[in-house]
Amino acid sequence: MNRLKGFYVYAAVVALLPILFPDNYFVTVVGATILLNVILAVGLNLFIGYAGQISLGHAAFFGIGAYSSAVLTTRFELNAWLAMLVGLGLVYVIANLVARPILKLKGHYLAMATLGFGIIVNIILVQESSWSGGPDGLGDIPTLSLFGFDIDTDLRWYGMIAFFSLAAILVSLNIIDSRAGRELRAVHGSEFAAQMMGVDTVRTRTNVFVLSAMFASLAGSLFAHQQAFVSPESFGFGFSIEIVTMVVLGGMASTYGAVFGAIVLTLLPETLVVFEDYEMLIFGGILMGGMIFMPQGLFVFLTQKIRTVLNHRSGPSPKPQDAQKTLECDS
Amino acid sequence: MLSEVKLMFDQIIQFLATGLSIGSTYALVGLGFAIIYNASGVVNFAQGEFVMLGAMSVVGLLGAGVPYPLALLVAIAIVTLVGFSLNKFAIEPARGASVVATIIITIGASILLRGAALLIWGKDIFSMPAFTGDEPIQIGAATLVPQNLWIMGITVILVLGVRYFFDKTLIGKAILACSCNKTAAGLVGINVKLMLLTSYGLSAAIGAVAGLLIAPIAFTSFDAGTMLGLKGFAAAILGGMGSSMGAVAGGLVLGVLESLGAGLISSGYKDAIAFVIILAVLFFKPSGLFGFKSVDRV
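Line by line, the protein sequences are chains U and E. So the first sequence is residues 521 to 851, counted in our numbering. So the second sequence is residues 4 to 301, counted in our numbering.
Just chain E, same shape as in the assembly (with noise of 0.2 Å):
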């Protein structure tokens, strides 16, 4: 009897160690969306896509030859470049677009961006390179490999640099500036397009980054991007839309549910559980976790 306690205690930490990695990825993506949501009022489904094409665009460097630490940066630059174009040639031109057809221009890029890469990569499934190997390491009673490391390592890297940037630089207060006003924040001298591409840019670098990490232990395809934008979406919806830190908890929330639901209940409806919580959620808090209750201006 003791030993099942035991058991079931050990499995159940194991479940929250890798509950906690995945999670990560979601926060990230979470974080890119309500990044580009904040900027702009843009939900943005091409975020998934941003980390397909982290992830795949490393494979293919890596064919071509390119040393691994090199691959991973320009991999990176190449999904900001991606973010830019975006912002530039989709978001800018479609301004003052209603709620329904922004969601479409962007589903579209996603459709788009998934063609692309179905043209350059084929529809094979690529396993990239763990960072650091894949011996396993034991700590206490879960057992991670390396790159479970890595991910929760750089996601709080990463979540303490957007942060830092957000609350305390002068680009970032900018953004923020302009997300509460545009037209307020253009007259005090802030060049509101810029600061939209840079939050595209910024965006598409933190999907790429999470597509860099999660790929080694999970796989990357053309559309590996779908599932794990729409995620990310439930995570930014979690914490609260607009609310950067809310999409980081609503993504270490989901993935640790989800990973605790799919190994004590059932793992053929793993990502069910994501959009079952999230309805739950929806229903006694209508705004997020995290969110502000919405005013209604008549």
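With the rest of the complex left out, here is chain U (with noise of 0.2 Å):
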């Protein structure tokens, strides 16, 4: 069970913190928001890291798991976890729909492609105020309850998002060792090879892209019923760009990865605000920095620090691992 042991760190850390600490807001406020994240940024690593490929849209397809949820529980009294499983089919609807064209494209001209479908849905979600709310969002969405339980407390939600970040990981990482995570690196690394070899190239990139639009619907679900409330702000180009950034920052094509960044690009914001006005100016520079100067990602960087103190100590064993590739999106 090699293979899991982070999966067993991460779960014991995740189920330990609250134990620990189950009144401090940095655990179950802060902590619910990095849970969430984390499932956005997995799914995400999953079509940006292993098969390669750009979305500068994703937060839409998060926020129209958020908003089916919140219209088909308010307006239409549908059940949570049905409504849930509605936006999910919509999204797997819509996802594949648009897979279609947009993953002809390459590089720059599919972050084009996805900055605008990202955009559309943004101004979609404002404009349709007779069922949206428009800009000033939808409230009273009302939270979810399993077996009876109605998840109200910060603690409760705390652990509802712990478990669907869990299954997010475990999915991800399963994935990734299967027969169409293979497929998905032999697409990164050459997409011509991958066909030589037999594998269908287009149906492999639309899966993956499908599969991690699905993550981001079900943590919008999540969202819209833990904040019972959603505008269509909390889904614009802004969100898109930072579920991207906890990829990049993270250090791409490794789920770990994708969660150090989820990790860091929540907890960064919740910190630079007792700087006030330079937070954003702090902010731009420390995205900036990150990426100059560790462009494999923070985690490779520390991972590799720490791999080269410990072979310091212990006098000379193997090289550190230099497999890590540059990771090129339009080659």
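Restricting the straight-line Cα-Cα distance to at most 16 Å, the calculated cross-link-like pairs of lysine to aspartate or glutamate (EDC-like) are:
| # | chain 1 | residue 1 | chain 2 | residue 2 |
| --- | --- | --- | --- | --- |
| 1 | E | 196 | E | 95 |
| 2 | E | 273 | U | 648 |
| 3 | E | 126 | U | 799 |
Keep in mind the hints are simulated off the structure, nothing from the lab. This structure is a prediction, so every number in the text was calculated from the model and none was measured.
Fit the two chains together into the complex; they arrive one by one in their own frames, and the hints show the way.
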């Protein structure tokens, strides 16, 4: 069970934190946001990190999930879990429809197309106010309940989202080690060579795009019920960029890298709040600096640093892994 | 019936005229994208911030009592310096980074510049005085303010100038050589670093001019650059990434269609129209209207 070592460590930390600090704001509130972002980042990492594609419009799927849950539960009084499933189904259909034309594109054209898709969805949410509530958003979204238990405290929400984040990581890890995952990496390495080996590259890319969109939709539904309020602002271009940044700054092509990115990128604004007016300036600076000095991402950078330190202490030992290739999107 | 048709026709002329002037700004922003992309293969998501900084600098300088024409020139100079520093401190050290990494670096730069503008000027929305008054002019069925003419006129001059620069001057040709093959350009004695610096400066200056032109009719604030930047990117993609004149054409097409769409279909969806067009075009021509079909190297 060596393969899942990291997963067990993660699960243990996630489970222990609220037991040790049950009333800590940073654990139950910020922690829940981190776990929600973990679902998003791990999902998008499959598409960006492993398939080597780019999406600057992922917040749209997050938004579609959230609004499906919000609209169906408040206006049609549908069961929340059912609404979540409808949202997932809707995203499945939409992602499949968009994937066909969009995934033909490469590099910057793909970036533009996904960005455009995200902005269009966001504008629809703002404009179709008759059902979406427009720019003011939708409130009074009922909370989730499980076996008669209402998920109505911060701690319970933490547990609920933690469960889904664990599931997301497990699914992601298993996909990467499956045939589909190897196909993905083959597509990333060389699409042409993968085709030669008999990989249906179009289908592989479509599937991973749809899957990562569904991760986002699930996170969106949870978000809507947790916040009890949604507005288009949460699902704009800025948030799309944030998710991409989690994946890339954390470390592409590594599930734990994405987890790490989600943790850092959620904590960063929380801690930068003390700088008030300087917050944006510093955040931009950190983003630039991080990418310039650690183009492989924080996770790879730190693990390599730790490894060199350890190697130094224990004398000669195997070379640090330098198998991390530069990831290129338009090659 | 006849008068209705005439009214409709007049309206369309009006939409075309405003579309051309807003399209001219998109064209300039798109041109900035194309120049940097050509020289360094980077899509600069901070291009919109150049536009914002140009306009905000003028507002700031005017507030400090600098005379109007001088303020315009100083603003362009400031933004050009910002362009130089972007290249020097962000792009040059990150050479060899992947596409996604450079995208995040330039997005980081755009957040940084917006943050700086927020610190200096706050969240207020500013208006900038027009170059030559606000007296409306009647041209046929369309009513324009003088600023519209300034926008279109200066855009034409700038575009021709950029074209001349790349086609005829030694520096322009050297930049093009760098975009083809940096190593080869270096071997024939071209200072590649200097050429990259020049193209970032040029692109920033063009962005600043776009800002000066549009601010008098559209207001400006610390976050005014974001949407303009994205539209400029859309213009550059529509024309085919890497084609300067394609970006200009793309900008004009977007501006006109957006203005027609906003007027005739729905003004709420104005910003969506540009992106719907982009998606539709990419669906049929995956490398833009004037882009070269990319050849994959295996």
